[in-house]
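Please construct the entire structure, taking both the sequences and the accompanying hints into account.
Number of protein chains: 2
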Amino acid sequence: MKKVYVVGMGPGSQEQMTEKAREVFASCEVIAGYTVYVELLKEAYPGAEYITTPMRQEVERCRLAFESAAEGKTTAMVCSGDAGIYGMAGLMYEVGEEYPQVEIEVVPGVTAALGGAAVLGAPLGHDLCIISLSDLLTPWETIEKRLLSAAAADFVICLYNPASRKRKDYLKKACEILMNHKPADTVCGIVRNIARKGESFQILTLGELKDAEADMFSTVYIGNHETKVIRGRMVTPRGYQL
Amino acid sequence: MKKVYVVGMGPGSQEQMTEKAREVFASCEVIAGYTVYVELLKEAYPGAEYITTPMRQEVERCRLAFESAAEGKTTAMVCSGDAGIYGMAGLMYEVGEEYPQVEIEVVPGVTAALGGAAVLGAPLGHDLCIISLSDLLTPWETIEKRLLSAAAADFVICLYNPASRKRKDYLKKACEILMNHKPADTVCGIVRNIARKGESFQILTLGELKDAEADMFSTVYIGNHETKVIRGRMVTPRGYQL
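Protein sequence lines correspond, in order, to chains L and U. Just so you know, we're using numbering that gives the first Met the number 0 here: the first sequence kicks off at 0 and counts up by one. Just so you know, we're using numbering that gives the first Met the number 0 here: the second sequence kicks off at 0 and counts up by one.
No lab work stands behind these hints: they were computed from the structure. Just so you know, not all the hints are guaranteed correct.
Because identical chains cannot be distinguished in the list, a pair is counted as satisfied if it fits within a single copy or across any two copies.
[To be verified] In silico PhoX-like pairs for lysine-lysine, Cα to Cα no more than 25 angstroms straight-line: (1) K41 <-> K172; (2) K2 <-> K196; (3) K227 <-> K2; (4) K196 <-> K227; (5) K227 <-> K1; (6) K227 <-> K172; (7) K165 <-> K72; (8) K165 <-> K1; (9) K2 <-> K172; (10) K144 <-> K72; (11) K227 <-> K209; (12) K171 <-> K227.
See the structure below:
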């Protein structure tokens with residue numbers, strides 16, 4: 000049967016990719032993806048034909064991948080991080096309703112929340128929420144409600160898309176909402192350029208995070224009431240008795 | 000400097016492991032872990048010395064890993080899935096306060112939430128919560144509060160440890176709480192034995208999930224109000240206009 004793969008390539012470097020993802024990329028005749036991610040693959044998989052579309056042309060990108068697969072070419076849609084967490088897997092299923100003859104296989108990968116957590120130490124050691132601050136596809140009221148609920152129930156929170164050129168003050172707004180339920184000295188972290196050139200991290204309080212700089216290559220972590228700093232890292236205990 | 004790695008091995012099969020994890024296991028003289036996970040590694044890495052402790056002896060397991068590293072042996076602590084999501088990374092930092100001479104490096108992996116999602120389709124396509132139903136280390140009241148908040152704010156929810164021999168009715172209790180805010184026809188999924196022998200999945204409604212069977216090898220997904228079934232799979236749209 001004709002087949003299209005939706006593959007999570009991990010947060011950046013080849014070494015954070017799963018063996019399965021590497022096998023799929025190596026076996027595919029066509030790799031489709033967002034321009035920036037495709038550039039990361041071209042060197043390692045020079046034999047494939049690449050299809051790219053810029054941001055905001057995700058539906059078109061999916062159609063091109065299905066068209067390629069429908070022509071009988073083994074095709075992969077590449078996603079940064081995981082294939083499903085704010086990735087293309089969902090949209091591929093939606094667009095795939097038009098292509099019942101093409102089978103879809105999703106290949107998971109290390110999402111930014113996990114990759115960045117490993118850099119920070121162990122911030123995600125207990126129940127957690129992942130929330131995107133991007134309001135391109137989600138009303139800001141929904142995002143606000145989720146932030147407030149997550150803070151009230153003392154989840155560890157990981158924020159994707161904390162800021163962009165057009166949304167400079169979103170992280171500040173988010174922190175103000177979280178501070179309704181989380182104290183200003185809650186341990187927080189920012190990781191920039193996870194597993195890529197220029198990777199860096201910062202540990203700070205929620206009060207400091209409110210005025211911190213973040214961009215679209217940052218992932219942000221807000222601890223629960225037990226999160227602490229150990230050996231200069233952000234650690235959320237699971238609750239074991241030492 | 001002396002070093003101990005905390006490594007997520009992915010949900011089960013070798014092919015879901017990252018290249019970095021494989022390199023670390025191949026380079027380590029000693030691999031410590033829970034008995035069941037270590038058995039999955041022994042065949043692929045026969046040259047290592049293995050240290051195992053059973054469940055409930057996690058602190059001792061961490062001490063043994065640090066003692067091994069402190070003796071100058073390259074040592075890895077293996078975790079199922081990711082190293083940080085209900086894994087050993089946090090406890091390793093806590094125990095590591097006694098071993099300042101040993102550096103800690105965390106290697107992330109594909110956690111069950113992501114591995115199972117790929118099997119189900121694309122259930123985690125929007126903001127999500129991960130909650131463990133195990134009350135061994137967390138008061139049940141805290142778990143209840145988190146379930147209620149997550150449902151009220153329309154998160155997609157992934158449940159770890161949905162049941163065990165001693166906690167047969169926990170999934171039922173959780174579903175009853177979620178049904179305060181999520182309708183009984185909310186699309187849900189269960190994946191069993193992710194990326195292992197006997198892998199299977201089931202898509203059902205929240206009302207059906209309440210009476211479904213789950214065990215400690217199951218991961219459970221509860222959709223948000225937009226989650227739907229496409230081509231027999233569980234899909235949560237991100238919100239793109241088709």
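Checked hints:
In this homomeric assembly, K41 and K172 never come within 25 angstroms of each other (Cα to Cα): the closest approach is 38 angstroms inside a single copy and 50 angstroms across copies. In this homomeric assembly, K2 and K196 come within 25 angstroms of each other (Cα to Cα) only across copies, at 23 angstroms, whereas the closest approach inside a single copy is 34 angstroms. Taking the shortest Cα distances, K227 and K2 sit within 25 angstroms of each other only across copies (22 angstroms), while inside one copy they are farther apart (46 angstroms). In this homomeric assembly, K196 and K227 never come within 25 angstroms of each other (Cα to Cα): the closest approach is 28 angstroms inside a single copy and 39 angstroms across copies.
In this assembly of identical chains, K227 and K1 lie within 25 angstroms of each other by CA distance solely across copies; the values are 24 angstroms between and 50 angstroms within a copy. Taking the closest pair of Cα atoms, K227 and K172 come within 25 angstroms of each other only inside a single copy of the chain (24 angstroms); across copies the shortest separation is 32 angstroms, beyond that limit. In this homomeric assembly, K165 and K72 never come within 25 angstroms of each other (Cα to Cα): the closest approach is 39 angstroms inside a single copy and 50 angstroms across copies. In this assembly of identical chains, the alpha carbons of K165 and K1 never lie at most 25 angstroms apart, being 41 angstroms within a copy and 45 angstroms across copies at closest.
For the identical chains of this complex, K2 and K172 are neighbours neither inside a copy (43 angstroms) nor across copies (40 angstroms), given an alpha-carbon limit of 25 angstroms. In this homomeric assembly, K144 and K72 never come within 25 angstroms of each other (Cα to Cα): the closest approach is 44 angstroms inside a single copy and 49 angstroms across copies. When the C-alpha separation of K227 and K209 is checked against a cutoff of 25 angstroms, the pair qualifies only within one copy, where the shortest distance is 18 angstroms, while the shortest distance between copies is 36 angstroms. Within a single copy, K171 and K227 get their C-alpha atoms as close as 22 angstroms, which meets the 25 angstroms cut-off; across copies the closest is 34 angstroms, which misses it.
When held up to the earlier numbered hints, the structure conflicts with 1, 4, 7, 8, 9, 10 and fits the remainder.
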